[in-house]
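Chemist: For reference, the chains in residue letters:
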Amino acid sequence: MDKKLVHNLLFIAVVAVTGMVVENIYLLQIMTFIGINTLLALGLNMLMGYAGQVSLGHGAFYGIGAYATAYLSGTLGISPWAALVCAIVLSVAVAFVVGRPTLKLSGYYLGMGTLGFGMIVHILFREAGSITGGASGFVGIPMLTLGPLSFEGGRNYFYLVWTVVFGAIFLCKRIIDSKTGRALAAIHGRENAAVALGVDAHALKLNIFMFSAALGAMAGFLYAHFVLFISPDSFGFMASVKMVTMVVIGGMANVWGALIGAVVITLLPEVLHGFADHEMIVFGLILMGVMIVMPQGLTQGVIERYARYKKRA
Amino acid sequence: MEDLLQYLFSGISIGSVYAVVAIGLSMLYRSTELINFAHGEFAMFGAMGLVTLWGQFKLPLPLAFVLTVAGVSMVGILFERFAIRPIKDPHPISLVIITVGASIVFRGVAMVVWGKDPVALPSFSSHGSIEIAGAVIVPQSLYIVAAALVLAGSLHLFFRYTLQGKAMTACAVNKKAAWLTGIPSARMGLFAVLISSGSGAIAGIFIAPVTMNTYDMGTMLGLKGFCAAMIGGLGSLWGAFAGGLLLGILECFGAGLISSGCKDAIAFVLLLLILYLCPGGLFAQKQADRF
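Those protein sequences? They're chains A and B, same order as listed.
Just so you know, this note's numbering puts 253 at position 253 of the first sequence, and the rest follows in order with no gaps.
Just so you know, this note's numbering puts 1089 at position 89 of the second sequence, and the rest follows in order with no gaps.
Please note: incorrect hints may appear among the correct ones.
Pairs of lysine-lysine, DSSO-like flavour, derived with a Cα cap of 30 Å [to be verified]:
{"id": "1", "chain 1": "A", "residue 1": "Lys104", "chain 2": "B", "residue 2": "Lys1088"}
{"id": "2", "chain 1": "B", "residue 1": "Lys1116", "chain 2": "B", "residue 2": "Lys1058"}
{"id": "3", "chain 1": "A", "residue 1": "Lys104", "chain 2": "B", "residue 2": "Lys1263"}
{"id": "4", "chain 1": "B", "residue 1": "Lys1263", "chain 2": "A", "residue 2": "Lys311"}
{"id": "5", "chain 1": "B", "residue 1": "Lys1058", "chain 2": "B", "residue 2": "Lys1175"}
{"id": "6", "chain 1": "B", "residue 1": "Lys1175", "chain 2": "A", "residue 2": "Lys104"}
{"id": "7", "chain 1": "A", "residue 1": "Lys3", "chain 2": "A", "residue 2": "Lys311"}
{"id": "8", "chain 1": "A", "residue 1": "Lys104", "chain 2": "A", "residue 2": "Lys4"}
{"id": "9", "chain 1": "A", "residue 1": "Lys310", "chain 2": "A", "residue 2": "Lys4"}
{"id": "10", "chain 1": "A", "residue 1": "Lys173", "chain 2": "A", "residue 2": "Lys4"}
{"id": "11", "chain 1": "A", "residue 1": "Lys104", "chain 2": "A", "residue 2": "Lys3"}
{"id": "12", "chain 1": "A", "residue 1": "Lys310", "chain 2": "B", "residue 2": "Lys1088"}
{"id": "13", "chain 1": "B", "residue 1": "Lys1175", "chain 2": "B", "residue 2": "Lys1116"}
{"id": "14", "chain 1": "B", "residue 1": "Lys1116", "chain 2": "B", "residue 2": "Lys1263"}
{"id": "15", "chain 1": "A", "residue 1": "Lys4", "chain 2": "A", "residue 2": "Lys179"}
Keep in mind that the hints were calculated from the coordinates and are not lab data.
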């Protein structure tokens, strides 16, 4: 059998068994958050790692997904699944409108543009109190149910989130291995050369931007119906930076890197709780340390180090 | 009418602070092509240093000022030496994450040292406020504007007339060519960090008496400084100055005429407009690399 397929099946089996074996609600919660963060990192990784475009405002799409479903299902009483469709459509539409002019920028200018967009959306969440509940947050998001199946409680939700994650990983891999994926790689390598070969760089970048916005909205939807309370602070500048950090720490242009980044960035604050007031300092130092020592990300960094070590031994 | 005049005065005052923050960011970018996301934290350190030295230890104001600026510049140099320089082939994204990491560390340190509660400081002098046509100016506003003008002016003279300043300009234009003519570019980079973090501290010191000083005051200040620097054109001294003033004035008018909640959004809307319409900044002679 194909070795890759075995690896993938093994990964799915490990996650499935973990979900069955673990009884501790807290652990299940953490693993659910890892799944949600993986979705975020996957979307941004497609944009940053494959298309080579930075976004410092992706928290906005995460927030749009969360607030759209909160308002539609919480305030208006629509079925959450219909709200999911609306949330994704809205997020993709916003990505289209914003991405068209913004993706013409490059380098730091693109970073600043997306940062500005993210801040504006964040401020809208805070100020549009009648819809979003303002700075104090949105209460009253309904629980998810599907027919007789209720997603209340840890285990069912864990499976729901990870099923979506598997789907997203599969989708990303299909895109990367397709003609589109190769065109993306060409843009990342040298945009001018790709354009000369007939790649419509701007359209392609915009498509990937919209795709990552859809994944962000999906993650926001899952987040909102999981914690049942959202506030603007979860989708601000620091949220966007956290997403970028997950992608870069894990290693760009690597689907599994997104997973590793999500694991590290989700677990780190939990592990650091013991430091109490010094938590922020330690978190920042680790972030800087990893970037200084392994600028190409943990995955690649560890692999290279291991190879060097093996050579010497 | 009085209202409008009042908005204008407040705008010039807060705009001067943005201008000083923007100048620090812009000067660092010009010399090192580094966008420092921890720059707002230097301003926070400046404010907090003054809170401790002048507010608590009761040192004379000039001494507290000098010690604070020196201390913050020291932090800036250590930051450059141990976090930025070790990276051999820096990718812009890695640099962004490192400076963001540094800003988290700085904020964490400030939280441990100064606590989470906001601290207030009295104005630098006990003069009463001045009234012009019904609008009120507090003396601290005048000090802020004066500080911004003096800083920008002396930097202008420094770059124009001193050997050191000319060498820095040469480095900013072309590092390799400057190096070939015998300019130590690494030392010039260090000097840029010194100017940048020092001016960040100055911004914090002058804003300290008119704001609530907390460990997380730097983030918004830094981001606004960015917007100001971009509006004026990244890397330009007087562009940053004008961008800061413009941003401050528009913000105050927006807060007064539209809603105070949307005040923060104005900076970022302006940023997007500038990026879409003239990415080189309002005063740019040439088109920046946009495509």
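Chemist: Flag every earlier hint the structure violates by its number, smallest first.
Modeler: Numbers 4, 5, 8, 11, 13 - these are the hints that the structure violates, sorted from lowest upward.
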